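Here are the chains, one letter per residue:
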Amino acid sequence: MTEIVRTDGLVKRYDGTLAVAGVDLIVEQGEIFGLVGPNGAGKTTTLRILATLLAPSAGTAEIAGMSVTRNPDQVRRVIGFMPDAFGVYDDMKVWEYLDFFARCYGIAPAARRRVIADLLELVDLADKRDSYVQTLSRGMQQRLCLAHALVHDPQVLLLDEPASGLDPRARVELRELLRELRAMGKTILISSHILPELEELCTSVVIIDRGQVLAQGRVADIERRLRFGAVLRVRLLLEGEALEAARDRFASDPDVASATLLDDGTIELGFRGDDAASARLLAASVAAGLPIVSFARAASDLEELFLQVTAADQPPVAAA
Amino acid sequence: MTEWVVPAAAVPSSPRMTTFARVVAGVVAIGVKELRGRMRGRRAFVIVTIYLALLAIFALMVERIIEANYSTGFGGVAINASAAIGQGIFAATLMLMTLQVAFLAPSSTAGAISLEREKQTLELLVTTPISSFAIVVGKLLSALIYLFLLIAASIPLMAAVFVFGGVGPEDIAKGYIVLIVTAIGLGSFGLLCSSVVKRTTAATAITIFGVLAITIGTLFILGFWQAMSGFDQNGNRKPGPFGIRSPAPLAWVNPFVAEADVLCGTESSFGGGWCGLVSGLVPTNEGVIFTNDPGVGIPAVPVPMPVGVPEKGFVPGGGMVAVDDLGGRRGPVADVAVDPSQPFGVQRDGLWTRSVATWLVLSAIFILLSVQAVSPTRRWRLRRGARVPKAPAA
Numbered sequence: 012m013t014e015i016v017r018t019d020g021l022v023k024r025y026d027g028t029l030a031v032a033g034v035d036l037i038v039e040q041g042e043i044f045g046l047v048g049p050n051g052a053g054k055t056t057t058l059r060i061l062a063t064l065l066a067p068s069a070g071t072a073e074i075a076g077m078s079v080t081r082n083p084d085q086v087r088r089v090i091g092f093m094p095d096a097f098g099v100y101d102d103m104k105v106w107e108y109l110d111f112f113a114r115c116y117g118i119a120p121a122a123r124r125r126v127i128a129d130l131l132e133l134v135d136l137a138d139k140r141d142s143y144v145q146t147l148s149r150g151m152q153q154r155l156c157l158a159h160a161l162v163h164d165p166q167v168l169l170l171d172e173p174a175s176g177l178d179p180r181a182r183v184e185l186r187e188l189l190r191e192l193r194a195m196g197k198t199i200l201i202s203s204h205i206l207p208e209l210e211e212l213c214t215s216v217v218i219i220d221r222g223q224v225l226a227q228g229r230v231a232d233i234e235r236r237l238r239f240g241a242v243l244r245v246r247l248l249l250e251g252e253a254l255e256a257a258r259d260r261f262a263s264d265p266d267v268a269s270a271t272l273l274d275d276g277t278i279e280l281g282f283r284g285d286d287a288a289s290a291r292l293l294a295a296s297v298a299a300g301l302p303i304v305s306f307a308r309a310a311s312d313l314e315e316l317f318l319q320v321t322a323a324d325q326p327p328v329a330a331a
Numbered sequence: 008m009t010e011w012v013v014p015a016a017a018v019p020s021s022p023r024m025t026t027f028a029r030v031v032a033g034v035v036a037i038g039v040k041e042l043r044g045r046m047r048g049r050r051a052f053v054i055v056t057i058y059l060a061l062l063a064i065f066a067l068m069v070e071r072i073i074e075a076n077y078s079t080g081f082g083g084v085a086i087n088a089s090a091a092i093g094q095g096i097f098a099a100t101l102m103l104m105t106l107q108v109a110f111l112a113p114s115s116t117a118g119a120i121s122l123e124r125e126k127q128t129l130e131l132l133v134t135t136p137i138s139s140f141a142i143v144v145g146k147l148l149s150a151l152i153y154l155f156l157l158i159a160a161s162i163p164l165m166a167a168v169f170v171f172g173g174v175g176p177e178d179i180a181k182g183y184i185v186l187i188v189t190a191i192g193l194g195s196f197g198l199l200c201s202s203v204v205k206r207t208t209a210a211t212a213i214t215i216f217g218v219l220a221i222t223i224g225t226l227f228i229l230g231f232w233q234a235m236s237g238f239d240q241n242g243n244r245k246p247g248p249f250g251i252r253s254p255a256p257l258a259w260v261n262p263f264v265a266e267a268d269v270l271c272g273t274e275s276s277f278g279g280g281w282c283g284l285v286s287g288l289v290p291t292n293e294g295v296i297f298t299n300d301p302g303v304g305i306p307a308v309p310v311p312m313p314v315g316v317p318e319k320g321f322v323p324g325g326g327m328v329a330v331d332d333l334g335g336r337r338g339p340v341a342d343v344a345v346d347p348s349q350p351f352g353v354q355r356d357g358l359w360t361r362s363v364a365t366w367l368v369l370s371a372i373f374i375l376l377s378v379q380a381v382s383p384t385r386r387w388r389l390r391r392g393a394r395v396p397k398a399p400a401a
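If you're matching them up, the sequences are chains A and B in order.
Mapping to the working numbering: the first sequence position 269 is 280, numbers consecutive.
Mapping to the working numbering: the second sequence position 51 is 58, numbers consecutive.
If we strip away everything but chain B, and leave its shape as in the complex, we get (with noise of 0.2 Å):
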C-alpha cells in the first residue's frame, strides 16, 4: 500500500477562501455529481430531442386551429390572421410550458433533500465543509438545470411565431422570465418540502398539493370573489365576502395569471382574451372608466385614444374615458388613477413583475428555511419545552 498525503497547498485553510468562494465551489461540487449521474449516457439528450419534437407539433397543431377558424369566415378579418396565429401559437405554447414548468419544477426538487436522508447519504454531505447553504442552492440548481435546458432548447421553437408576427421579442422575454422565476420559485417550495418531511413520498405528495393550490386554488379563489362582489348602481365594484374587494395578491402567485398578463401584452383589443381574463380575476380598478352619472353631469369627453400597442399594427378606433387629468376637471371617479397608455382601464404588465418580484421573495424564504432544516446543528428549531438541560449532579 501506497503512502498518501495530501499536500498542505491542497486542502485550503477556510480563512484564505472567502465565504462567496466556499460556497460557490460547495454548490459547483453538488452540482458536478448530480450532473453526473443525470447527463450520462444518452438518456438526457433523447429527452431533450422528444420533448422538442413533441411540443413543435404541439405548436404545428395549434396553427392549424387557428387557421381553420379563419378559413370557416367566423374567426375574424383575415387582414389579423397572422398576427392571430402568432399570438395564438405564442399563448399555447407558453401555457403549456407554464403548465410543464408548474409542476416538473417543484417534482423535481422534492425528492432532493429527502433522497439523501433515505439513503443516508446527507450525514456524510453535511460532516464536509459545504455549507447549508450551499448544500441547498446546488440542490436547487442542478434539479432546475435540465428544466432550464428543456426551456432553452424551445426559445428557437418559439422564435417561430415572429413569422407570423403580432408577437414583439419583448414579450417572448417577459414570458421566459416569468417561466424561470416561477421554475425558480416552486423548485424552492419543493426543496422545502423535501428539507422539513423526511420521506420522499409525503414531500411529493405534499409539493403537489401545494401546486395545486397555487395554480388553481388561487384562480378558483379569486373566481369566487369576483362572482361575489359585484358592482352597485353607480358602477362601484362592492366589496366582496368579509368587506374585502378582492384578494388580489392571490393571482401574484400564480403563474398562469401571469403569463395571461404577458400574453395581454400582445392583445391589441380590450373585451374577453387574455386581457379579460386578467382583469376579471384581478380588478385593478375599483371604479369605472365609462361613466354616465347624470348626478354629476361630466360630459364624457371623447379621446382619440391609440388603443393596443401601436408597433403591432392594429390601431383603429377611439374611446371614451372620463379621467381626472382630461382639463383638469375632477368626475366622479376622480380618485381612480388611468394611466392613458393603459387603454380601456386593463392595466398591462402590472401583475407579471409583482409575480416576479412575489416568487424571488418567496423563494429567498424558502431557500433559507430549507437551510435551517438541512443544517444539522440549527438555531431556530422549533422544539416543545425547548429548555436546555442542565448537567445531572455527579
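Pulled out of the complex, with its shape left as it was, chain A reads as follows (with noise of 0.2 Å):
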C-alpha cells in the first residue's frame, strides 16, 4: 500500500483560537479513512485544508505527493471534495449541473456526455436527468453533488459529513456507494460525528479532538491497543460483605486500576491488562473460589473508543 494523503504537523489558527493543532494523518491508498470527532474538533478545518480551500497556519499537507499550498492547481485535479453543507444553482438541470463542472475540469464535449451519463446511473439519479436541480430531496442533491466531485476521476475524494440531513434509507444507499467507490479504487477520506456511521465503513479511522489527534489506526488497532483501558464486569453470587471482600481481592490485582461496587451488585474494573491478563485474572478469581456469574469486557464499539479517547483527562493514545 502505498500513502496518498499526509499531513506533518498541521496547524490552523483563526484569530486566536487553535482550529487544527499539529494533525499529523497518514492514508494509504484504497482506504476509506474516517475523521471522527465531536462538533468544532478540527475536521472540517483538516478537509478544508487538504481540498485547498484554506491554508494552514503551519504544517504541511500533501496529496498524492503534491502540496496543497505549493500545487493547489494540480492538487486540484486529484481530489473531489464535498462540503458539509453545500447549495445547488437555481434554474439548473441536473446534467447541466453536471456538465457545467465536466467543462471546468476542461473535459471535452463527447466524454463530457458520456461521463454526465455514467455518473448519473451510478448515483442512481439516471431518471432525474432534466429534472432541476433545486427540485431534488436531499439525498438526492447529496447524490448529485457526490457526482459532481466524481467528474474527473479524481484518485481521492474528500466527503465532509456526508450522510448529515439523510434518512437512514439514504444513509444505507450512500454507504453502498461509498463501497462501490473503494471498489473501483478510491482513496475515500470522510468525516462524521455520528459513529455508527463511520464504524463498518471505515478502514482506518483518526478520532480527532480539540484539534489533536488522539488516536489513528486500524479500527480493530485502535480497539486492542484501547483494550488495556478497558472495563470490565464482574456479577457474583455474593451479597454484603462477601461481596466487598471481593471487590477488595479484585483491587489486590496489579492489572486492575480500580473496583467499584455498582448498586445492581456488580463489580466494574477498571482494567490495564490485555486479554491474557483478564484470563489469568478470571482463571485465578475461580480458583480462589469466587462464585462468577458473568465475567465480561463492556461492549467496546466505537462509539465507546471514542468516549473513552475523548475523556477530558486522558492523554493522547497512539495507534501502532
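Simulated from the structure, these hints should not be mistaken for lab results.
As the structure is a computational prediction, the values presented were derived from the model and not from experiment.
Hints may be right or wrong, so weigh each one.
Unchecked claim - Partner residues are not named here, just some residues of chain A that face chain B (Cβ under 7 Å, in silico):
1. 64
2. 92
3. 102
Claimed, not checked - A few chain B positions that, by computed beta-carbon distances, are all more than 12 Å from chain A:
4. 77
5. 88
6. 114
7. 153
8. 159
9. 165
10. 169
11. 175
12. 177
13. 183
14. 203
15. 213
16. 222
17. 364
18. 367
19. 374
Unchecked claim - Now the stretches of chain B that chain A is said to cover, found in silico as 3 or more residues with beta-carbon under 8 Å:
20. 31-43
21. 133-145
Even for Gly, the Cβ is constructed at its ideal location relative to N, Cα and C.
Can you join these two chains into the complex? Each is in its own frame, and there are hints to help.
See the structure below:
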C-alpha cells in the first residue's frame, strides 16, 4: 500500500483560536478513512485544508505527493470535494449541473456526455436527468454533489459529513455507493460525528478532539490498544460483606486500576491488562473459589472508544 | 450500476493547456452556466422587446418635444430644426442609456459572488481547477452580457437619428464606447463589492451608494468647486478651496460628464449646451480667451475661425482669439495653449477619452482585487497580527 494523503504538524489558527493543533495523518491508497470527533474538533478544517480551501498556519499537507499549498491547481485535479453544507444552483437541470463541472475540469464535449450519463447511472439519478436541481430531495442532492466530485475521476474523495441530514434509507444507499467507489480504487476521507455510520464503513479512523489527534489507525488496532483501558464487569453470587471482600480482592490485582461496587451488585473493574491478563485474572478468581456468574468486558464499539479517548483527562493514545 | 471511466485524454493535464486556454475554458464554462439559467424560455427576449419599445416611445416623445418647441418660434432658426432634432434625440437617448448602464451594470454584478457564497456553491467552484481570475471574469462578462445585448439592440434605434442629421456616425460610436466601458467599469466595481462583502444585500447597498457617489457626488463637488473659484480682475481663474484649482479628475469617472463631452462634439456653437456644461464643470483653460487687458496692449486679432464642425453644416461667423502662436506674439495668457481646432476654448473630445482610459484602469484594479478576494488561499490578506503561528511543541 502506498500513502496518498499525508499531513505533518498541520496547524490552523483563526484569530487566536486553534482549530487544528498539529495533526499528523497518513492515509493509504484505497482506504476509507474516517475522521471522527465532536463538533468543532477540527475535522472540517483539516478537510478544507486538504481541499485547498484554507491555507494552513503551519505544517504541511500533501496529496498524491503534491503540496496543497504549493500546487493547489494540481491537487484540485486529483481530489473530489464534497463540503458539509453545500448549495445547488437554481434554474439548472441535473445534467447541466454535471456538465458545468465537467467543463470546469476541461473535459472534451464527447467525453462529457458519456461521463454525465455514467455518473447519473452510478448515483442512481439517471431518471432525473432533466429535472431541476432545486426540486431534488436532500438525499438526491447529496448524491448529485457526490457525482459532481467524481466528474474528473479523482483519486481521492474528501467528504465532509456526507450523511448529515439524510434519512436512514439514504444513508444505507450512500454507504453502498462509497463501498462501490472504494472497489473502484478511490481513496475516501470521510468525516462524521455520528460514529455508527463510520464503524462499518471505514478501514481506518482518526479520532480528533480540540484540534489534536487522540488515536489513529485501523479500527481493530485502536480497539486492541484501548483494551488496556477496558472496563470489566463481574457478577458474583455474593452479597453484602462477602461481595465487598471480593471487590477488595480484585482491587489488589496489579492489572486492576479501580474496582467499584455498583448498586446492582456488579463489580466494575478498570482493567489495564490485555486479553491474556483478563483470562489469568478470571482463572485465578475461579481458583480462589469466587462464584462468578459473568465476567465480561464491557462492549467496546467505536462510540465507546470515542468516549474513552475524548474523555477530558485522557492522555492521547497512539496506535501502532 | 455501470463502470464509469474518464478517458485519460478527456482530462487535459495542466501543462499541455496554456494558461490562456485554461482561463478561456473557465470563462466559457461559467458563461454557459449563467446564460443557460438567464436565457431559458422566452423571458429574456420579451424583456428586450419591451425595452426597445419603451426606448422607441421615449425617442419619439423627445422628437415631438423638440419639434413643438420649434413650431412656437422660440426654438431657433427653422433651418437647423432637423439637425437639432437629431442631436436632441441622440442626447436624450444616450443619457437615458447611460443612466440605465450606471445602475444596471453594477447591480447585476453586485450579487455575482456573494450569492454563490450565500448559496454555498462558491466552494464547489473554487475546488475545481478553474482559476479565480476565470471565475471573476466569467461572472463579470455573463452578468454584463445581457446589458450588452440591450445596448446592441438599441443601435438600430439610435441609427434613426441619421434621418434627422446633426449627428455623425463617429459621435454614435464614441457614445457607445463610453457606454460599454462604463458598463465594464461599474460592473467590476459591483463585482468587487460582491466579492469583498459577504452578504448580497449589503454588497448591493454599497454598490448603489458607490454609483451615487460616482455620478451625483462628483457632479456636486465639481459644481461646488466651480462656484467657489471665480475669476480675478485679469480674468484668470482664482484657486478654489484648499488652493486647488479644480479636482478635474473627478469628472473622468462620471459617465454622464463623459457622455456630455461626446454630445459636445455634435454641437456647433459655444454658449450653453453640452459644451457649456462640460467646460463649466471641468475648466480646461485656466486663463481667458478673450482679453482686452490694457496693460499689455496687444490688439486682439480678429481671426476667421471655423466654428463647429464643418461637416455638420453650421459654419457662420468668426471669433476673437488671442493666442500666442498668432504672428509669434505672446500675450498675457501666452502660457495657455489653445488649439485652433478647439474654437472658443471649448475643449472637445478631451474628456471622454480620459474617462474611458480611467475606467479601463479602474476595471483592471477592481478585477484584480476581486480575484484576490475570491481566491481561497490568497496571498495578500489583510490580517491583524499577521504572524504565522509556530506549531505548538509536541
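Check on residue 175 (chain B) being off the interface with chain A, judged by Cβ distance over 12 Å
Residue 175 (chain B) is indeed farther than 12 Å from all Cβ atoms of chain A, at 43 Å.
Against chain A, does residue 374 (chain B) hold up as non-interface, every C-beta pair farther apart than 12 Å?
The claim holds: residue 374 (chain B) sits with its nearest Cβ about 20 Å from chain A, beyond 12 Å.
Mind taking a look at whether chain A covers the segment 31-43 of chain B? Criterion is 3 or more residues with CB to CB distance under 8 Å.
The restraint on the segment 31-43 of chain B holds, since 7 of its residues have a Cβ under 8 Å from chain A and three suffice.
Could you check that no beta carbon of chain A comes within 12 Å of the beta carbon of residue 159 (chain B)?
Nearest chain A Cβ is 24 Å from residue 159 (chain B), so the label holds.
Has the segment 133-145 of chain B got at least three residues whose CB is nearer than 8 Å to a CB belonging to chain A?
The restraint on the segment 133-145 of chain B holds, since 6 of its residues have a Cβ under 8 Å from chain A and three suffice.
Report holds if the minimum CB distance from residue 169 (chain B) to chain A is greater than 12 Å, and violated otherwise.
holds, 40 Å
Does residue 153 (chain B) clear chain A by more than 12 Å, comparing its Cβ with all Cβ atoms of that chain?
holds, 14 Å
Far enough from chain A: is every CB of that chain over 12 Å from the CB of residue 88 (chain B)?
Per Cβ check, residue 88 (chain B) is outside 12 Å of chain A; nearest 50 Å; holds.
Next item in the hint list is residue 102 (chain A). Is there a CB on chain B closer than 7 Å to its CB?
holds, 4 Å
A closest beta-carbon separation below 7 Å is what the hint needs, so does residue 92 (chain A) meet it against chain B?
holds, 5 Å
Quick one: work out the minimum CB distance from residue 203 (chain B) to chain A and report holds if it exceeds 12 Å, violated otherwise.
Per Cβ check, residue 203 (chain B) is outside 12 Å of chain A; nearest 18 Å; holds.
Would residue 222 (chain B) pass as off the interface with chain A, using Cβ distances and a cut of 12 Å?
Non-interface label stands for residue 222 (chain B): nearest chain A Cβ at 32 Å, farther than 12 Å.
Checked against the numbered hints given earlier, the structure satisfies every one of them.
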